[in-house]
Amino acid sequence: MKKALMTVAALLALSTTVSAEDYDVIRVGVDVPYPPFEFRDPSGELTGFEIELGNAVCNEITGQDCEWVVQAWDGIIPGLLARKYDMIFSSMSINPERAERVLFSDPYYTTPSAFFAVEGSDFDHESTEGTRIGVQRATIQDTYLTELHGDAEIVRYTTADDILVDLEGGRLDAMFIDALAGLGLIETSDDVVQVSDDISEPVSILGEGVGAAFRKRDSALEEAVSEALEKFKNDGTYDAIMEKYFESNIKI
Amino acid sequence: MDAILALLENNDIFNPTTLAHYWDGLVNTVQLVFLSLVLGLVLAVPLAIMRTSKKPWINWPVWCFTYVFRGTPLLIQLYMIYYGVTLIDGIQESVFWVIFERAFYPCLIAFTLNTAAYTTEIFRGAIEATPRGEIEAAKAYGMSAAKRMRRIVLPSAFRRAIPAYSNEVVFMLHSSAIASTVTIIDLTGAARDIYARFYAPFQAYIFAALIYLCLTFTIFYIFKQLEKRMLGHLRPR
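From first to last, the protein sequence lines are chains A and B.
Taking my numbering, I'd label the letters of the first sequence as residues 1 to 252.
Taking my numbering, I'd label the letters of the second sequence as residues 1 to 237.
Treat the hints with care, since some could be wrong.
Calculated Cβ distances over 10 Å to all of chain A for the following chain B residues [claimed, not checked]:
| no. | residue |
| --- | --- |
| 1 | Asp-2 |
| 2 | Val-27 |
| 3 | Tyr-83 |
| 4 | Arg-197 |
Taking beta-carbon pairs under 7 Å as the criterion, some of the chain A residues facing chain B (in silico) [claimed, not checked]:
| no. | residue |
| --- | --- |
| 5 | Ile-61 |
| 6 | Gly-63 |
| 7 | Val-165 |
| 8 | Gly-169 |
| 9 | Gly-170 |
| 10 | Lys-251 |
FYI, nobody ran anything at the bench for these hints, they're computed from the structure.
Ideal placement from N, C-alpha and C gives every residue a C-beta, glycine not left out.
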């Protein structure tokens, strides 16, 4: 019986073209916790930047909040393809490998990178010749330095903490890492500060940003979500949510 | 042969850039290991003689040194010398900073002290294994203690130490892989870079492993020749 029902359901799913208006509620896969993007507040409720932004998007399309489905990261794309939820809204960076399996919306945030140095140092990221800059091995920041700051000595580390230790110890002139991670890291340090603006160009190296992901055939839902995101980016809704969680600008 | 050439043409990993990276790594590894072994050997000879002394105030400090360095992991010694020293107040302004500013010298110091500790104990064993008869004969000829050490004890002790020392050399080569944890691009560091860039752990590490294997066999070959010359009298006829 169950099998028959599932067959019928599958046939129905194949035969009907689903438009965005057909969704009573949008089920959204998310990997929790990943603060400040998604985490549980002390009373156990899901909250965070992506939860609030996602609920705003769902409200725009269906008139009610998303139905959040918590799913561990390594199974998050299979879960989408298995119809456990209709959308992934979980800080998924857009890249070609994933784009082969899922459909991405327009990007809705990107974390910039930035240079950090000891306060009062004369490091200038415009002229890095002869300086020593620490970076995490094989990150987009590594590629950025290798391609655009080849005149500096690039020192590659396994973890970001080690870079900070050598920066404080005077072995490095600067470090170049993800700006949000960097700001979190230097909270423990008395004398390291951000010494450049947030850098997110060029996107060919530093990434296209983070997008919502859908099954390939659900292009109607993708369009509706991209449209809603575009609207919020312009009418101030996005900025209001962003300012609650971040000091820097992650809008793309 | 054609198959190998085709394989070389069809791979994304082993291009001139990455091969040059491996070469830099190889140079760094050989440099670090060779220098630390030479310095360690120079340190170990006087230490081993002190270690065989019957006077506790000579023997005991060396005993402490060898037991601390043989009793703790090389990785921790390296971290202490590389990261630890930056926490000493004023070190950045002192003359020592020239040594500690880059990773190479802290690493060389850690490796040298470590291999010196092991080599000291190897030589101590060899010195103590000197047959009593030889020493008594030297005494009967009226040789002083220093002359005895120089002419009788050390030459035969060095010969006896060769097989054990060859192991120490190979172990040192393998231990040097941890230099990559303090930003030095040695052979392992190069392999890590290439693995991280291409997500190809097998190719990146197997290539490095093959180079280590070649180095190890070279070392074994050299020591084999050395043993043939120096320990010929011990070979079965």
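Chain B contact restraint for Gly-63(A) - C-beta distance below 7 Å: With a closest approach of 44 Å, the Gly-63(A) hint is violated.
Using the nearest Cβ pair, does Gly-170(A) come within less than 7 Å of chain B? holds (4 Å)
Taking the least C-beta to C-beta distance, is Val-165(A) closer than 7 Å to chain B? holds (6 Å)
10 Å cut-off, C-beta based - Asp-2(B) kept clear of every residue in chain A: holds (33 Å)
Using Cβ atoms and 10 Å as the threshold, tell me whether Tyr-83(B) really stays out of contact range of chain A. Contrary to the label, Tyr-83(B) does not stay out of reach of chain A, its closest Cβ about 6 Å off (not over 10 Å).
Cβ separation check - Arg-197(B) to all of chain A, threshold 10 Å: The assertion about Arg-197(B) is violated, with a minimum of 6 Å to chain A.
Quick one, is the Ile-61(A) hint okay against chain B at 7 Å, beta carbons? violated (37 Å)
Status of the hint placing Lys-251(A) at chain B (closest C-beta pair under 7 Å): Cβ of Lys-251(A) sits 30 Å from chain B, so the hint is violated.
Interface hint compliance - Gly-169(A) to chain B, C-beta minimum distance less than 7 Å: This hint holds: Gly-169(A) lies near chain B, its Cβ roughly 3 Å from the closest one there, short of 7 Å.
Does the no-contact call for Val-27(B) survive, Cβ to all of chain A over 10 Å? holds (17 Å)
In this structure, the hints that do not hold are numbers 3, 4, 5, 6 and 10, in rising order.
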